[in-house]
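Q: Listed here are the chains, written in short residue letters.
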Amino acid sequence: MKNGENYSKSRRSFVKGIGASLLLIPFLQFCSDKIIQLLLRLSGTNHLLGHRLWVKDFPKPTSQIHIPYLIVGGGISGLSAARQFHKKGISDFLVLELEGHLGGNSSNGENQYSKFPLGAHYLPLPNFKDKELLQFLEEEKIILGYDQKGFPVFDELQLSFAPDERLFYKNNWQDGVVPKEGNSKNEDLEFQRFFKLMDTFREGKGNDGKYLFDIPLHLSSEDIATRNLDKITMKEWFETNNFTREPLFNYIDYCCKDDFGLGIHYVSAWAGIHYFAGRKQDASSDKKESVLTWPEGNARLASHLKKYTDQKTLKNHLVYEVEVENNKVVAKAFDDVKKVSVEIIADKVIMATPQFVNQYLIKDRKEFTKEFHYTPWLLATLTVTDLADNFSFPLSWDNVIYDAKGLGYVYDQHQSLNQIQARKVITYYYSFSSSDLKKSRKELYKKNKEYWKQFVFDDLKIAHPDIEDCTGQMEVFLLGHGMVSPAPDFIFGEAKKQASKNIEHKIFFAHTDLSGISIFEEAFHHGINVVNQILDETTLDS
Amino acid sequence: MGKKFLKFEFLLLFAVFVIATCGLVYELVAGTLASYLLGDSVKQFSFIIGVYLFSMGIGSFFSKFFHKNLLNTFVEIEILVGLIGGLSSVILFLLFESVAYFQFILYLLVFITGFLVGLEIPLLMNILKDKVEFRDLVSNVFTFDYIGALLASILFPLILVPKLGIMGTSLFFGMINISIAIALCFLLKRELKNNYFLKVKAIFSFAILLGVFVFSDTILAYSEGKLYGENIIYTNSTPYQRIVLTHNKSDYRLYLNNNLQFSSADEYRYHEALVHPAMSIAKNVKHVLVLGGGDGLAVREILKYKDVEKITLVDLDQGMTKLFKTNKVLTDFNKGSLNNQKVTVINTDAYIWAKSCKEKFDVAIIDFPDPSNYSLGKLYSLNFYQTIKTILQPDAAVVIQTTSPYFAPKSFWCINKTVMQVFPQVDAYHAYVPSFGEWGYTIAINGFGTTFNQVNRKAPGLRFYNYQFDRFNYFTNDMISNEIEINRLDNQILVRYFDEEWGKLQ
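Here the protein sequences line up with chains Y and W, keeping their order. The opening residue of the first sequence carries number 1 in my numbering; numbering runs sequentially from there. The opening residue of the second sequence carries number 1 in my numbering; numbering runs sequentially from there.
Please keep in mind that the hints were generated in silico from the structure rather than gathered at the bench.
Reference excerpt, derived from the structure (chain Y facing chain W, CB under 8 Å, subset only):
| no. | residue |
| --- | --- |
| 1 | Glu156 |
| 2 | Leu157 |
| 3 | Leu159 |
| 4 | Ser160 |
| 5 | Phe161 |
| 6 | Ala162 |
| 7 | Pro163 |
| 8 | Ser290 |
| 9 | Pro394 |
| 10 | Asn418 |
| 11 | Gln419 |
| 12 | Ile420 |
The C-beta atom is built at its ideal place from N, Cα and C for all residues, glycine as well.
Same shape as in the complex, but just chain Y:
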């Protein structure tokens, strides 16, 4: 209760200061006194099983399954396709998944204190005209209804709680992730000019009446001048537009890595601008840039979609060959639990798998698959007794450290309603932004867990000097092919077009790498569109 102090006594306020300082001392000791056994675990996507595709030493299939529709891959694209089948009244489909669980990049882990995401961890408020997504969110009670003005009302518990973002910049935490306090005047002006330009791009439409930048990405305008932005890197775009200041570069570099895995030196300028201009911020009258989030990240969304695949899923199944045979599609899969292979004979197959996998399953795809780049990611979930810092701004959902190697960390219990947490659980993110992603991937698997542990600590120490003493557990999670990364000339390039083409109207492709950016919305729409396409064609056939 009640800061009911008698303010007629001016000295009273000093007491608070002393109180605070006295309180601080035991906290500092609390951290360093306690010697905790650091529990370190290293895990990741099942790359060992996946890599068997190189040699294909699988046993011959011993059984057969006949099914009209087969979905290969249980990430968001595949799950969304399952949902769309269900909506169209079709229930005879099957989902095959390599991992022991569904969700793909939208998966999660859990320890005794909290759930935590193992990849995608938020969904920005959708664009108002994205009715299919709004519909899905309404079905899942993330949108509770619509207000008098027609804006969706989002569930308070699923919008990221305040304070949602902070940045460690010039030795202080500040509100929001855009560097603000301590900028020079020219730096501030440059930020203003940049954001103004982005507003123009966000609202801009081409001669074809379409938005210059839209979500899903294929709805964007064909305007040539805008599409030419895909031919240069973000850094080059800065140079041609006379942006020169470090804080701006640093901030945009963070944004690009956050969404695409690649920083401004390697990412397409079209993609970089899409980050700001693709989201129309029009789904709410006041909450322009809010996001939806959950302790387990987008695994929550995956779990909503999963219900459409009940009794229709084979997990731990690695599909190793897919081809058209006698007017049917034959897919061979290896059951990693029973160590036997199975043959699935389907009318239509949806490959909701990334292209770096597809090239080993289907003939003649290696050539254009070379143009697909995937950034490796490292995630580390830490359980800490305390997150002492200089108290300049309170712990937020997203905590970014300026000029750090990684992208900062997410506080996994932020959406909890509790007053106090016995331990805090945070997840640190690092993307291997480089010109040679293959080399980075090798590095990822070659270095041992002690190396990565120290790497994570060193990066976090910038803001939390005593983090090492406060950490009880660390789980490092390696994603060799974290997400597709839009280097220049990819989004509107030939390879993507080639890879998207269906094969004899029997094998169809749906994955975010066919958009070029790895976001929930793209996967969600790929799933819907591919099912619609299959059903439209079928209707025409008959």
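Take the given structure of chain Y and dock chain W to it, following the hints.
A: Chain W in isolation, oriented as in the chain Y frame:
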């Protein structure tokens, strides 16, 4: 002889090193204390450093007046620096609340320490000047001086303050300072005159510091008592908060994390105003819910109604409710209310508890700490009140302590407006509680079956509330604020209002 002399020189240079370290530590202690106690750290540190350097200059100036027994003087000064510097933080802590000219004493101590340290370096150079070449002498003395300074400035924030605390640090360095003096007494017994007397002085001073060091916790507690301006009769730290009970004449005061929770002289005003409007307005009062209020004072008021069959109190802090069940002084205040058979105490997080609660209540009394941080802010959110609505009977009354409408009108009306989104009838009222100032409440009815002016029942023997609700819900212009947003988990606008409004007063 040469070897022996080397030892002599080395010893004195080591002394320089220690003096420099200690001197800087005293300076940092003074600066830190000044910024803790007086605020405005830039100004305090700037003044302290300035005064310290200036007094060192004065010390250096006066060093030329010392001619005889230089080594003895050196050791004596060493003892004196240790004693004064070591005790400085203790003196400052003890004098803070009671002395009007606190700043004068602060700067006097800084001046004396600086003066003595300033004396030492020139003295030492004079001692060594005939024995070492001047070029080496200057170079060595200053080298050790500056290394000592660096060591102190690094150790101070990283190790000393966290490990020893401010008081411990200055005492500890006082002892180091004097141990050097003692060491010199023993090692240079031939060079020193009156060695015995010097030794006694040094050891005696050391003993004083050691004694104070051992009792520093007690002194800290005593000085904390001074800071509250009252006698502390009880302190207890639970995992959630520090509870301090003070006594001054006939008034007992309870502080949680240094925020006043109640004063026994006027808490009846606060609690009668909190409890009785809702209790008299509600359709029924069989089952009453209290959230927060682990002191049992609200429960004491509720128990005055005979119709009450069951009271459920949910408070996060078991330490707090246990204390108010067992401590004699405190059970006198709440009339042993928490031990009453009708009362069930649940120690858990109220929000989580409410989410899973299956019961329904006739009255809810919500008495949480003010929304001074984002954790507490959740307990004033739209979703929280929606959750509370689900565990209320139709026509139940709910009252919420809503901070001060005078000090924090935006915060006050923000909570009120948020509650309006959830309940069909909402009003606000306030009462004057001398130890808090003007204090306010938001009250709501979960239906239209009763009104705020209806008195369905009365309790006997109230000292403050007279069951005339309309006498309490009038707000003067200086307690009104418009253009307020509602508080949601995703904006926590209330915490920002609160910080802005109470921040101004501190």
